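J.: If you want the building blocks of each chain, they are given just below.
Protein chains: 8
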Amino acid sequence: MVQYDEQGYKDLGWAKIDTGRPARTGTAEAVYAAGKTPEQVVAALRALRESHPGRVAIATRCDAACVEQIEAAFGDEALCDSGVAAIGGFPEPEAGPLAVVCAGTSDLPVAREAELVAKANGLDAHLVADVGVAGLHRLLDRLPRLREAVCVIVVAGMDGALPSVVAGLVSAPVVAVPTSVGYGAAFGGLAPLLTMLNSCSPGVTVVNIDNGFGAAIAATRIMSVKAER
Amino acid sequence: MVQYDEQGYKDLGWAKIDTGRPARTGTAEAVYAAGKTPEQVVAALRALRESHPGRVAIATRCDAACVEQIEAAFGDEALCDSGVAAIGGFPEPEAGPLAVVCAGTSDLPVAREAELVAKANGLDAHLVADVGVAGLHRLLDRLPRLREAVCVIVVAGMDGALPSVVAGLVSAPVVAVPTSVGYGAAFGGLAPLLTMLNSCSPGVTVVNIDNGFGAAIAATRIMSVKAER
Amino acid sequence: MVQYDEQGYKDLGWAKIDTGRPARTGTAEAVYAAGKTPEQVVAALRALRESHPGRVAIATRCDAACVEQIEAAFGDEALCDSGVAAIGGFPEPEAGPLAVVCAGTSDLPVAREAELVAKANGLDAHLVADVGVAGLHRLLDRLPRLREAVCVIVVAGMDGALPSVVAGLVSAPVVAVPTSVGYGAAFGGLAPLLTMLNSCSPGVTVVNIDNGFGAAIAATRIMSVKAER
Amino acid sequence: MVQYDEQGYKDLGWAKIDTGRPARTGTAEAVYAAGKTPEQVVAALRALRESHPGRVAIATRCDAACVEQIEAAFGDEALCDSGVAAIGGFPEPEAGPLAVVCAGTSDLPVAREAELVAKANGLDAHLVADVGVAGLHRLLDRLPRLREAVCVIVVAGMDGALPSVVAGLVSAPVVAVPTSVGYGAAFGGLAPLLTMLNSCSPGVTVVNIDNGFGAAIAATRIMSVKAER
Amino acid sequence: MVQYDEQGYKDLGWAKIDTGRPARTGTAEAVYAAGKTPEQVVAALRALRESHPGRVAIATRCDAACVEQIEAAFGDEALCDSGVAAIGGFPEPEAGPLAVVCAGTSDLPVAREAELVAKANGLDAHLVADVGVAGLHRLLDRLPRLREAVCVIVVAGMDGALPSVVAGLVSAPVVAVPTSVGYGAAFGGLAPLLTMLNSCSPGVTVVNIDNGFGAAIAATRIMSVKAER
Amino acid sequence: MVQYDEQGYKDLGWAKIDTGRPARTGTAEAVYAAGKTPEQVVAALRALRESHPGRVAIATRCDAACVEQIEAAFGDEALCDSGVAAIGGFPEPEAGPLAVVCAGTSDLPVAREAELVAKANGLDAHLVADVGVAGLHRLLDRLPRLREAVCVIVVAGMDGALPSVVAGLVSAPVVAVPTSVGYGAAFGGLAPLLTMLNSCSPGVTVVNIDNGFGAAIAATRIMSVKAER
Amino acid sequence: MVQYDEQGYKDLGWAKIDTGRPARTGTAEAVYAAGKTPEQVVAALRALRESHPGRVAIATRCDAACVEQIEAAFGDEALCDSGVAAIGGFPEPEAGPLAVVCAGTSDLPVAREAELVAKANGLDAHLVADVGVAGLHRLLDRLPRLREAVCVIVVAGMDGALPSVVAGLVSAPVVAVPTSVGYGAAFGGLAPLLTMLNSCSPGVTVVNIDNGFGAAIAATRIMSVKAER
Amino acid sequence: MVQYDEQGYKDLGWAKIDTGRPARTGTAEAVYAAGKTPEQVVAALRALRESHPGRVAIATRCDAACVEQIEAAFGDEALCDSGVAAIGGFPEPEAGPLAVVCAGTSDLPVAREAELVAKANGLDAHLVADVGVAGLHRLLDRLPRLREAVCVIVVAGMDGALPSVVAGLVSAPVVAVPTSVGYGAAFGGLAPLLTMLNSCSPGVTVVNIDNGFGAAIAATRIMSVKAER
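Residue numbers (our numbering), protein chains in the order written: chain A, 3 to 231; chain B, 3 to 231; chain C, 3 to 231; chain D, 3 to 231; chain E, 3 to 231; chain F, 3 to 231; chain G, 3 to 231; chain H, 3 to 231.
For the record, the hints were derived by calculation from the structure and aren't laboratory data. Predicted model only: the values in this text are computed from it and were never measured. Where is the CB? At the ideal position from N, CA and C, for every residue including glycine. Do not take every clue at face value.
Said to hold, decoys possible - With a cut-off of at most 30 Å between alpha-carbon atoms, the simulated BS3-like pairs for lysine-lysine come out as follows: (1) Lys-12/H / Lys-121/H; (2) Lys-12/E / Lys-12/C; (3) Lys-121/D / Lys-12/D; (4) Lys-12/F / Lys-121/D; (5) Lys-121/G / Lys-12/G; (6) Lys-121/B / Lys-12/D; (7) Lys-12/G / Lys-12/E; (8) Lys-121/A / Lys-12/G; (9) Lys-12/A / Lys-121/A; (10) Lys-121/E / Lys-12/E; (11) Lys-12/B / Lys-121/B; (12) Lys-12/A / Lys-12/C; (13) Lys-121/F / Lys-121/H; (14) Lys-12/C / Lys-121/C; (15) Lys-121/F / Lys-12/F; (16) Lys-121/H / Lys-12/B.
Claimed, not checked - According to the in silico footprint, chain F covers these stretches of chain G (three or more CB under 8 Å from chain F): (17) 26 to 40; (18) 52 to 66; (19) 108 to 117; (20) 189 to 198.
To be verified - Covered, in the sense of this in silico footprint (three residues per stretch, anywhere, with C-beta under 8 Å from a C-beta of chain H), are these stretches of chain B: (21) 150 to 162; (22) 165 to 172; (23) 201 to 214.
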């Protein structure tokens, strides 16, 4: 026999805000704006703010119309960039440093999503842009800095080769994010996704295509590890 | 200008043992036995043992013929199970606990690969078998134990639903391993791989199908995190 | 030798309304509006109304232009929502209850298609929204209600894990509907489709991606079962 | 707040027999023999027999070596056919009739898996073999019988066209089972799977390729429906 | 040694009109308008008209802008419908009858492309619309007419089951055209394409998705067969 | 209302021999040996011989064990080659010539399947081997002969380019057969299948990968065309 | 031990212009405009011009808005065509001739991208348009000219058969470029990509779908070969 | 009008040896042994030897049985390794150096196929083994040697990242060969194939999975380039 007695949720009818999530998982629910109306996104953000006043409320994948309504609703509290809306100012970083590395300029929006979500969750995140393997010295030049990082998020489209190279050079956990940058046989990010899953450098783990958000949450979980026995 | 000056390697002609890897990445090279002759596997294991006498040398994906030659070559030093050959006794665990959870009995070989490689790398790993979501109470019954874990590896084939459920219940990093267990539209593990990449529980990261080894190395990297700034 | 003598159809030239379908299969033909002009949709709905005056005539996948013409043509008789147009008021429910469960808010339009088509076919359908497995207690809280249902439709995108969990908790038939909600490796709904086909909970059956309509028709067939021998 | 208090399970260490499943879902756990040793299969069958003495214990996907050990272990109690092992004699049928229709002779093993599992679960199942659409009169000749069935399982490989035709002729629920029969662009059953998911006859639901077992469990759930309100 | 001495072509620089094609293959080149400017399409049609004054010049896949320029350029000579532009009036039919059968109303544009191109090539083509297998009697009612046809083109999306049924009922060659009608697991026409390639009725041949043009040219080749030895 | 009254079938229980097929479609049923026991194949061939004593009975995809039993059962009446078993001597050719062209030597077994089935159906078939496009003069050298053919079957693996070239040089119907010859990105015949479906030479129609049988039946249907109106 | 000391780069923060690339690889970095703002493209082009005043600066995949800003920024220096922007006049050709062959008129934009990038890199490039294999004489007519070429780029969509034919006729290296021209089973260029990878003419190498740019850079590398030992 | 008058071929009936290929393309035909009988392979090799006594005759993909017959037939003339059979001693190298680089030890057979075929065609080929990107210093250590090469073949499985890194460091043409080394999401070589097609280092061209032969022929064509105008 087993008893399962968890904390509650706030029922909006069309949505059930999982108010117990921070206690269970360490991070609050975020609003996935795609497929929701701007009104639904604003309402869900409000509910999150009310449930966890001390936490930044986050929505991802907000389009222009959605951003407009969020800014109208939350005013200066809202920071909107790269599809992310963060309500409530970023906290002082509590853990880090986290390096968010991206291969090319076109990968920047995904990398920025990861950076913003990480900062909202109290991580000391730094962006290292445009260090793809076609010009290896750009990456190697940043090596000392990468080796200081406690965790590294690597964002890359096209061949997705960067995480394999980075993971061969550092000992920190490497979370790889394939992007849909590319064309033709990139097949919307399938190519770098497969590259990263088959990395010859062991220890690379992978999230969904363009999922900067997921990488940041994974980094937040990783940063909270206390490894002593 | 950039200088890149790394530690060396041992050149066997047909192979170059990367002796600098532990210093760079925290774990030693492992021998991927598939596509190599048993002689090559034994020779590579010897080279690893000589380079790093204090570390367990590991080969994965060893078939029966390969295991036979390894046991002949290394005798009692060799522990062979689930395709893994570990040469040199396991060290005292230095970090943990790591929970290795698997959904079904048929997933056990992959879970065992993860467990053995984790132990060889100094982790305190425990196996939790057969707790698939079709009978949720089996999992929930283990919840207190899962919540003690510093990192959780979740191994599942077929629908691959288990990591989503686990990641909604714990705050530790969750490394998901899809397996090739299943048939038909499982497409050799593609189904659980996609499930895990699309997990509705944020923070799940994924390794290749049947890649228990990679999950264990990722856990080793994660366990070495010192998250203070 | 075999004789096949079936009821007729109404020939519109460009379409042949299958007027014998209710007698053969229990439900009337519905108009699949995608790829048809609004004029064709209205004409087909009229023909259905004339053939079966006592039944609700249904079109699915109506876009805004199509809805406009339907409302102009049928006035108050038309109920249009989530791409469904139902002409003629809903009948009193004759069978049920049917639970239509969906994992996330973005899955609501598909769930609503299922709910409306089920109601048009005389089922007592209830929507249970936003009970995805990332916060299991939201689902478990609804368990008594789910167990009352004679049939359960489960709608989910992304990882599509919800039907496996539900089917492990209830004894009613579970019809799973994958949705195209998600991005990247969701591949337009392929990910939850494969998840559901590989469910570790036996007895889950699956319809096409976003096919709320088909799930409702399947539920109508199921509800008409008289299981005695 | 929610309480989840379910019946237990029997812990074999490497497996946890879900003894509460019949109470929750109406059917007992079955042993998926692929990827398990014959010893594990026999042990799991024994545990199932002990937990539910009044129920037939079932294993599927048993190869020759596995069947041999099962027959050695259970003697006359065991009925082994088409990869299915059923321990304990079939009960008197309690519900039906269930028609199991298959398109070609090569689809027979999958159809037989469905038939045997259905019988073990108390259904009155009948096999209708080799009625593919290339010779429609063979099917139409069986139409009166098909229309008596309370539920119809349709098994087909290659083009997978049979369920669409059957579902247009009967009002019972149609559960479609694609098979891996075929070659080339059948892609191991992908072709009939897609055909069935896209059936132009509404109400067809689909299970995994070659999953006769799952179709039978779905039929068992469907047959237990009491549709009154 | 071999000599290859073929008839010429008309060089427009950016295009080389294959003026020898009718003599070699029996049908003239047609203009594939997708990816060409309207000016290019008009110029190519002019070149075809000049090279073969006695033949209808054809362009396919013309969008609205393209159609407008074609009608401006050719006036009454142009017949534009379903993306096809036919310049020069249709000839008296020289062979037939050809039946162009389509499963649903949404398949009509592809069927119409086939019908128009067949007529332009001198075939006596007739359209039989909306006879999908969900209501078999609609098809069987047309059987006498189908059996008179010398060749049958069958156009179907979604499950693509119609060609298998038709080919089991007639002895004429059956050319199957899958369409992109459908959604979700239809994968843009992949589902009916695979269905048709795996037809259990032997003798079905298949052209590309939505390729009504190709089916009509195949029918033209087939109709020119003189089968005596 | 419609009446469908077709000729019968012979019921073997596990199979229903469609004895009406020759009258309906012009060719007799053939036995697809894959997935059947040798005993089933022999029994089905016997039933075919009894139903149509004047026709050659055919089985395809016979492996060595199956061939052995067929030869034991039918003695000199059986001709077995390339997986085809033809029972009863080939008739005098009634129509032709049919050219069966193959690109490479490794494609020969599929081409031979087509040739044998065509001969069994009364066609005057000739094999033209190893004329792939890498050495175009080998093909052009056969051009006069190809142009005499009433129908051309083109068999090719790897790039599958040959049908496009042939169809640009002849006016006869071209039936293309992709083969599974090749490796890597040939993906079991997917590459030549897609090539042929996308042929830039209009009028090419395609059958399943390795389906020489289907191509021969299509040729038989084509050869029976009387194209006058 | 190894020393890696490479030339530098220009750091724009969001981009790191790899100024050492010409010295290392022979060609300068180019700007991939997709996913970048027009401002970013202009700034990157300026940085390239400053770093390598003697070289043409190139951007590819520029849309109309991007072209407008480039022309505003660089005036007469800019040549914009087929998505390519080339800043600085083309140099006198230093190597060649390079033949850029394309199969159809719709492939011209990709072929033109290759031609322009080749010219910017000092190659003597010539375009041979519309010589697809459906009318072989158009290609054979150009054979003398093709045989003069030092390298041949072959651009083709749909069946992608042209490179196999060309590579069987010339001894120069053949770089094949599949295009996304086509529809249905062309799957966005997958069909010609697979065709080219499986070419039966050995020595064909392949670049990404629509990647005229990459083919031109490959040709530049090839043209710089001095093959003596 | 066009005349096409090419050198002949030797007709073996089941094969047509293209004796004109060296004159047209610079390299002789090779025997693809897969799908051929050992007798056919030996006969084809003999024909090649007779047609071009001064050239090495090559067969690829020879299995053990085939190798045995080749060695029996040609004695000391035959060199058999990694599936390649080369008849007639290697010529003195006429061009080079060619570097054949491979990422891992399991890629060696494919790299060796490339090396042997290159040597048979008169290239000065050198193998550089086991320099995958997980330990970058192993590759960088070989950089001076790689930069001397006139052409570089890069062989890699799993993530296939090596060609991108190499092409960023050298100016020679880089021909990339994906291998089927790997498991799970490597999908038989699809993963490295896509990586290489999407290389962020421009100028990489790609051949089929495991196609060492094709890479060597491409290198032979490249080495014969005289780039002056």
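J.: Against each hint, give a clear statement of whether it holds in the structure.
T.: Hints, one by one, checked against the model:
Of the supplied pair hints, the one linking Lys-12/H and Lys-121/H holds, its CA atoms being roughly 26 Å apart against a limit of 30 Å. At roughly 52 Å between alpha-carbon atoms, Lys-12/E and Lys-12/C are farther apart than 30 Å, so this suggested pair is violated. Simply put, Lys-121/D and Lys-12/D have alpha-carbon atoms about 26 Å apart, close enough for the 30 Å limit, and the pair holds. For the hint pairing Lys-12/F with Lys-121/D, the CA-to-CA distance comes to about 28 Å; that is within 30 Å, so the pair holds.
For the hint linking Lys-121/G to Lys-12/G, the alpha-carbon distance of about 26 Å falls within 30 Å, and the restraint holds. Note on Lys-121/B and Lys-12/D: the hinted pairing holds, with a Cα-Cα distance of about 28 Å set against a maximum of 30 Å. Our distance criterion of 30 Å between C-alpha atoms is broken by Lys-12/G and Lys-12/E, whose separation comes to about 52 Å. Our distance criterion of 30 Å between C-alpha atoms is met by Lys-121/A and Lys-12/G, whose separation comes to about 28 Å.
Restraint check for Lys-12/A and Lys-121/A: the C-alpha separation of about 26 Å stays at or below 30 Å, so the hint holds. At roughly 26 Å between alpha-carbon atoms, Lys-121/E and Lys-12/E fall within 30 Å of each other, so this suggested pair holds. Restraint check for Lys-12/B and Lys-121/B: satisfied, since their Cα atoms lie roughly 26 Å apart, inside the 30 Å limit. At most 30 Å may separate the alpha-carbon atoms for a hinted pair to count; Lys-12/A and Lys-12/C exceed this at roughly 52 Å.
For the hint linking Lys-121/F to Lys-121/H, the alpha-carbon distance of about 47 Å lies beyond 30 Å, and the restraint is violated. Restraint check for Lys-12/C and Lys-121/C: satisfied, since their Cα atoms lie roughly 26 Å apart, inside the 30 Å limit. For the suggested pair Lys-121/F and Lys-12/F, the alpha carbons sit about 26 Å apart, so the restraint of at most 30 Å is met. Between Lys-121/H and Lys-12/B the CA atoms are separated by roughly 28 Å; this keeps the pair inside 30 Å, and the hint holds.
Only when three residues or more bring their CB closer than 8 Å to a CB of chain F does the claim for the region 26 to 40 of chain G stand; here the count is 0, and the claim is violated. Counting residues of the region 52 to 66 of chain G whose CB lies closer than 8 Å to any CB of chain F gives 0, so the stated coverage by that chain is violated, three being the minimum. With 0 residues carrying a beta carbon less than 8 Å from a beta carbon of chain F, the region 108 to 117 of chain G misses the three-residue requirement, and the given coverage is violated. Only residues whose C-beta sits within less than 8 Å of a C-beta in chain F count toward coverage, and the region 189 to 198 of chain G has 7 of them, enough to reach three; the restraint holds.
Under the rule that three or more residues need a Cβ within less than 8 Å of chain H, the assignment of the region 150 to 162 of chain B is violated, with 0 such residues. Against chain H, the region 165 to 172 of chain B contributes 0 residues with a C-beta closer than 8 Å to a partner C-beta. That does not satisfy the three-residue criterion, and the hint is violated. With a threshold of 8 Å between beta carbons, the proposed coverage of the region 201 to 214 of chain B by chain H holds, since 4 of its residues qualify and at least three are required.
When the structure is compared with the earlier hints, violations turn up for hints 2, 7, 12, 13, 17, 18, 19, 21 and 22 and for no others.
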